[in-house]
Structure formats: C-alpha cells, structure tokens
Amino acid sequence: MLLLYLQPAAARADAVGVPSVDYLWTQAADKQLYKAAEWLALLHYHDESFGGPESYVDDKAFFLAADGGDDAAAELRATLNLFVNTPETRCRFPARYNWLSRQLDFSKLKISKAECPEYEDWRNALNASSIVLVFAASYVNSPSSMYGHTFLRFDPPDIDQSSPLLSYALNFGANVTGSEAGLLYAWRGIAGGYPGHFSSGTYIEKTKKYSRLENRDLWEYRLALTPAEVDQMLAHVWELNEISFDYYFFDENCSFRLLELIEVARPDLDITSGFDAWAIPLDTVRVVEKAGLIDDVYYRPSNQSVVTYNIGLLNKSQQMLALTLSQDIQVLHEAEFLELGESDQAQVAYTAYKFLRYEYNEDERDPGIAERSYKLLTFLASRKLRPPEQRVPPTPISPLDGHATMMASAGAGVEDDKWYSDIELRLSYHDLLDNLAGFPRDTSLNMGRFILRYRENDGLQLQRLDILEITSVPPRDHFYKPLSWQTSLGFDRQWTNGDDELTFQGNGGVGLSYKTVFDGRIVTMLRGRAEYNDGFNDGKVDVAAGGSIAYLRQGVVGNTMLLAETLHFVGGTDRQLLEIRQNFVLTRNNAIRLHFKRSIDESSGINEAGLYYRVYF
Amino acid sequence: MKKFFVAIALSALSTSAFAGAAGGPGCGWGQMLFEGQTGTATHVLGLTTNGSTGNNTFGVTSGTNGCSSSGTITYDGKEMVKVGAVMDEFSEDVASGDGEVLTAVAVTLGVKQEDRAYFKETMHNNYSEIFTTQNVTQEEVLANMWEVLGNDSRLSQYI
Numbered sequence: 000m001l002l003l004y005l006q007p008a009a010a011r012a013d014a015v016g017v018p019s020v021d022y023l024w025t026q027a028a029d030k031q032l033y034k035a036a037e038w039l040a041l042l043h044y045h046d047e048s049f050g051g052p053e054s055y056v057d058d059k060a061f062f063l064a065a066d067g068g069d070d071a072a073a074e075l076r077a078t079l080n081l082f083v084n085t086p087e088t089r090c091r092f093p094a095r096y097n098w099l100s101r102q103l104d105f106s107k108l109k110i111s112k113a114e115c116p117e118y119e120d121w122r123n124a125l126n127a128s129s130i131v132l133v134f135a136a137s138y139v140n141s142p143s144s145m146y147g148h149t150f151l152r153f154d155p156p157d158i159d160q161s162s163p164l165l166s167y168a169l170n171f172g173a174n175v176t177g178s179e180a181g182l183l184y185a186w187r188g189i190a191g192g193y194p195g196h197f198s199s200g201t202y203i204e205k206t207k208k209y210s211r212l213e214n215r216d217l218w219e220y221r222l223a224l225t226p227a228e229v230d231q232m233l234a235h236v237w238e239l240n241e242i243s244f245d246y247y248f249f250d251e252n253c254s255f256r257l258l259e260l261i262e263v264a265r266p267d268l269d270i271t272s273g274f275d276a277w278a279i280p281l282d283t284v285r286v287v288e289k290a291g292l293i294d295d296v297y298y299r300p301s302n303q304s305v306v307t308y309n310i311g312l313l314n315k316s317q318q319m320l321a322l323t324l325s326q327d328i329q330v331l332h333e334a335e336f337l338e339l340g341e342s343d344q345a346q347v348a349y350t351a352y353k354f355l356r357y358e359y360n361e362d363e364r365d366p367g368i369a370e371r372s373y374k375l376l377t378f379l380a381s382r383k384l385r386p387p388e389q390r391v392p393p394t395p396i397s398p399l400d401g402h403a404t405m406m407a408s409a410g411a412g413v414e415d416d417k418w419y420s421d422i423e424l425r426l427s428y429h430d431l432l433d434n435l436a437g438f439p440r441d442t443s444l445n446m447g448r449f450i451l452r453y454r455e456n457d458g459l460q461l462q463r464l465d466i467l468e469i470t471s472v473p474p475r476d477h478f479y480k481p482l483s484w485q486t487s488l489g490f491d492r493q494w495t496n497g498d499d500e501l502t503f504q505g506n507g508g509v510g511l512s513y514k515t516v517f518d519g520r521i522v523t524m525l526r527g528r529a530e531y532n533d534g535f536n537d538g539k540v541d542v543a544a545g546g547s548i549a550y551l552r553q554g555v556v557g558n559t560m561l562l563a564e565t566l567h568f569v570g571g572t573d574r575q576l577l578e579i580r581q582n583f584v585l586t587r588n589n590a591i592r593l594h595f596k597r598s599i600d601e602s603s604g605i606n607e608a609g610l611y612y613r614v615y616f
Numbered sequence: 012m013k014k015f016f017v018a019i020a021l022s023a024l025s026t027s028a029f030a031g032a033a034g035g036p037g038c039g040w041g042q043m044l045f046e047g048q049t050g051t052a053t054h055v056l057g058l059t060t061n062g063s064t065g066n067n068t069f070g071v072t073s074g075t076n077g078c079s080s081s082g083t084i085t086y087d088g089k090e091m092v093k094v095g096a097v098m099d100e101f102s103e104d105v106a107s108g109d110g111e112v113l114t115a116v117a118v119t120l121g122v123k124q125e126d127r128a129y130f131k132e133t134m135h136n137n138y139s140e141i142f143t144t145q146n147v148t149q150e151e152v153l154a155n156m157w158e159v160l161g162n163d164s165r166l167s168q169y170i
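Residue numbers (our numbering), protein chains in the order written: chain P, 0 to 616; chain Z, 12 to 170.
Hints were generated in silico from the structure; no laboratory data involved. From a predicted model like this one, the values you see are computed outputs, not experimental measurements. Virtual Cβ for every residue (Gly too), placed ideally from N, Cα, C. Incorrect hints may appear among the rest.
Said to hold, decoys possible - These stretches of chain Z come out as covered by chain P in the derived footprint (C-beta under 8 Å, 3 or more residues):
id	segment
1	99-109
2	118-125
3	133-147
4	160-167
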C-alpha cells in the first residue's frame, strides 16, 4: 500500500518554488510521520483487537482520504495534497497544519496563518491560554448521576482579573432530536443510537445548568498544559466542528472524548488506553491527575449545597424562623425576628431567601412568590450580609480522593452451621457501607457485582449477581422532603422450602428517611419484588409485597446498617430478613466488613455470619 | 405595556437603543425577575446521553437581534452577559453588593480593576433603582442600570 506512494522521481518543486505533494510526501514517509503519536492522536486512532488500528471518528467528513479512517498514511498524503493544491480549504485543519508545518518545510507553500479568518476570529475570541477540566458530581436523590460528567473550560490569560463565568465551555454529548419516549432515549444512549458532537457555550450557562437547575457540585481542575499545548488542542477542536462520533454511554462517552483531546495537546501521554470497556467520568479525571496534569482544584458548590450550608449556620430556632419567613413575609415584622441581632437577622433572611428560590426553582413563575422573593431581597439589600466566601460551604473531600471504583473482596463465614468462603468482584461503584470520603452520602450505585461462594460439601456456586443496584435515602427535615427509593435487578440466593435456591429477581422500594441518633438515618420503605425461583410451591414466578425498616449510620471510620425486612408472596411464601452489617475503613482503598444475617423461610430461621476483606482498585 | 415603552424610552435616551428590542425569544428581553427554571423533567433519562443545550457549531459571532449563540446579548452596542438568563443570581449579587455574576457583568462592560469595587458598591447602593419591582424584565433592568451608571461620573465611561 505504502509503496505506491513512493514515486522515485518526485519533483521537488514547481516553477515558483512551491514544493510538490510527492516531494513533501517523500519527506514525510522518510520520517514515518504517519506513525507519529501526534498524527495518530489528531486522527483519533486506536488499536482495535481485530483488524488493526482505526479511528474513533465515524464521520466521513473528517477524513480527506477515502480510507482515512483506517489508513493513517493515506490520510497524511491526502492532507499534504490539500495543503499544496487547495490551500483555501486547509483552514478546516489548523491542528494538522500546525504540526506538519513543524515537521516539514512548508515555507514555500502559498498559505500563511493569516488566511484563515474564521478560525482566527474564533481562536482570538476564545483568547484561551489554560484549560480547566470540570467534573459535575451527582445530584441529590439521583444516584444514577453518581458516575458524574466532565467537560472543558477554556480560560483567558488574565482569568484572575476576569471571570470564569465568561469563559468558553466545550461539551461532548449525544445529539438528541425530536421527542422520543424516555426509556428508548436512555437505551439508545447506552447502545450507541445517537451521534455525538462537541458543542460549545459559555461557562455561565454551564453553571446555571449544573449548579442551579440540577443542583450538582462542580469541581474545577486546572490542567498543567503549556500555552502551545492549549493552542494545539483548540486547533484540533476546530477540526471537530460539526464532526460526529457514535456516542456510547459506557465507553465512548463525554469523558473519554476529552481524554483524546488532552492526548492531542500532549501526544506522548497515553491516558486513553485504560478505558476500552467503560470510562467512568471520575476515573478519567483520576487518570489525568495521575499523569500529573492537575495544577489546581476549585470547588463550586451547587445551589442546594449553598442552601444547606446556610441553614446549618443557624441554630434550631433560627432555622424554623427562616423556614416560616420563606413562607410568610410578615415574619420580618414579628417580635421573634426583630429581637435577633442585626447579623442574625441578615443570615435568617438570607437563608429564607435562598431556600425560597431553591424551592420554587423548577416551578412556573408565581406572582405571590415573586412578590415575597422581592421583599426578602429588598430587605437583604438594606442589610450587611456575610461576605460571599462565607456564604458558601468549605471545600469537602475531593471526589478524586475517594476509594477506587472497582472492588474485590474475599472472606469467610458460617451459613446454616456450615463453613463457606466468598470471593466478590464489583465493577462499579459505591454502596451505602463503602468508605464514604469523596462520595455522596445516602447514596448507592452498583453495576456488575458478582459473588462466588464455596461451601463445605457443596462446591462452588454463584451466590449473587447484581446487574444494577441503586439506593437513595436522603433524609427529610423541615426544609427538604425527598423520597427514598431503591431498585435492583439480578440473581441472588433465597432459602425457599428448606433449600438454598438461586433466583432471578427484580425489586424496588419507596419510602421515607429521617435523621436520627448518632447522625444516622432511619429509613422505612414499602417494597415489591418479582422473582423466578425453582423452589416455589406453585409455578416458578411469583411477586411479593412487603416492607422494610433500616438504620444507617455513615461516618469517617466506618458505616453501620441494621435492616429488618418482610415479604409476602402471592403464592403464599413468607420471607423475613434481619441483618446487621458493619464496615471498618482501614485506608482509602482497604476495608473490613462483617455481617450477621438471619433469614426466616416459613418460620425456620437460618443464620449466616461472615467477615470480609475489601480492596478497592 | 406601559413599562415596556418606558424602558424603550429610557434606553433610547442613552444612544441608539438596542438593536434587539424585539429580538427572538432566546434573547430573553422580556425575561422577568424570579422566573421559574424549566427543563429538568427529563434529566434522569437524559443521563445516558449527556446532551447539552450548547450550540453544535463553534461560532462565537452574535446572531441577529443582538442575541449571541454564546449566551451574551448586545445592549446599546455593548456585548455583555445575558443577565436575563441569570436574573436570580444577578439580583442577589446586586442586593448583597458582590458576587460572581456581578463581577462578570463588570468584566463585560470593561470596568477596570481599580473601578470594580466602586462599580459593585454603586450597583448595590442603587439596588432599588435597578430592580424596581418584582416584575422587572431584563430590558428594564438594563435600562435602569444604564441610567444609574450614566449618572455616575466615574462609571459613565463604561456604558
């Protein structure tokens, strides 16, 4: 293939000294530029297990050569051809030009940088000299958002004098058009049914979306890239204008594409190759951190985090006063409010205002609420508030400092008076008892959890396989009234008519969580379950209804859960469960867990107790 | 409607009025203070796609009607933050006398570093002139702001 291009008598140049394509190509081929990391990064090449290297870009418009998607040399030659013969179109490829012009002698080409006004205007308007990788954490009561999201922000050189809100933000996401049914929409996101594009906006729009609409904390990680590296990344971003990639939720997602851009900026990095099967946004940021690319961290709390923090600055009676003030503006004139000192009045009114705005954030504009908001705001304008930096929560532990997202565990125990040993592998992510630092409280999200059990006399068996498990138990208080919910799908084992049966099950629950002693939660839920089980008396499929009550305590040194649950199946089977689980944090990525469980199947109880060592990796 | 004409008149006083007075719905000229925020209903299902409301082309030039694809507006020849889209944040910053959106507005107006504190203080002191009622719209807020800044000898250079 390659030899075809190597014409022996390549003319060096035409009459006016413009080098010929053949001449440039011979130089490029001599230097093997088509194999250079810089070139392969610009083409988004990666090694496929079958069929050799190919590009992630699925859009023909990105390539100049017909087979540019899997022949980097052909694409290089086609690019040189473009630069020599149709210089006016080369403005689409400023990054290719930047790099090639440093490798080959382009001085005689009839093109200069200034001839790409559209690109230059865009580049000058961005005025970017540094890049911030932004991680959007989960939103409350939506554990499925816990994997997070990432996008980039481009800051000007004088950012200290300017405002990051005015910076340019770049996002990679699927393009969803039309009004498709919700579940299909989610499924196509997973299965790759949508084209993905880079899109741009200002950071002020992003902060509105994440901080205010979705109430997600943002973590801003400034990247240690040189201005030249930033320049090359932006030049390449321009090449991706309106270029589409297939979007896959698990691997070729928002975060993976950003790693590719970082590799364009610094081609000797290899930060993409660890993400062949899936790319959890948090993990992609950790890879960037590990490569030494994070210079600086800034925490931007969500609106809800700010509201919660300000509530916490008040004592109990002031909190109730703030709540009633948010509902009734007359409180401003009542003795209980007027008796407070000036700064307390300001803080109570500020909290009331913030909560009121938070509470009706998503609702249609209401004249009564607008009037109350305006009166509160006008009151605040007449008072001296705490300075802005004291009205936001201090920076919590960074998500980067939490435990690793995969986990393996080994342990042993006794079940029904027989010894067993378990090994467990969990592909992702975090459960209610896992080491809490860096992760949101009251939240569990697990995908791909396998437990194999070896028992005396019984050999090896599948003990459990969770395809998906989500739990959210945010507590209710005077201000917030969230519902708790839980769902899971997978295989587990249940004692049924005296036998230990493997079942396939889906279950869900909804309920209420309240704060209780030792900063714990008491959670009650109504539960439903559908189950396939060979051991049922009639048929193999049955559904059950029931309830559960749990105590959960999450802390720095360890987490505790006490659970009682009862289920009644339509076919008559009754099942009760009592469980105590305890996790002890050893280090960030090591923990010990123990549990005691009593399962009651038709009035005969079976006890199980086990001790496990867990390693996050 | 009367308020609308007052706003037009006020802004016409300063100079050429704003090109986008009758601008497209995306410009938010009629956006009121304390507007509700919609569009979160499908957020849970949207998680797998991480789609964005951003623009799929990277252009940064202003569109027609003084309303740019990159979230800014042009008022009276000045390109600035589309305050209508962040009116809650902006009004809170003016009421409290400081904050990021107020800083961003100062930056887009070209307020020099040494005048920023004074700019914020002036905005704060004139909170009730700028946010005159709970129904004030983006265009009224800007007209009021222009009036306040125009009457200030140190800040009038910025409008």
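Status of each hint after checking the structure:
Counting residues of the segment 99-109 of chain Z whose CB lies closer than 8 Å to any CB of chain P gives 9, so the stated coverage by that chain holds, three being the minimum. Counting residues of the segment 118-125 of chain Z whose C-beta lies closer than 8 Å to any C-beta of chain P gives 3; at least three are required, and the coverage claim holds. Beta-carbon proximity to chain P at under 8 Å applies to 7 residues in the segment 133-147 of chain Z; the threshold of 3 is reached and the given coverage holds. Proximity of the segment 160-167 of chain Z to chain P, defined as three or more residues with a beta carbon under 8 Å from a beta carbon of that chain, is not established by the 0 residues found.
In this structure, only the earlier hint numbered 4 is contradicted, and the remaining ones agree with it.
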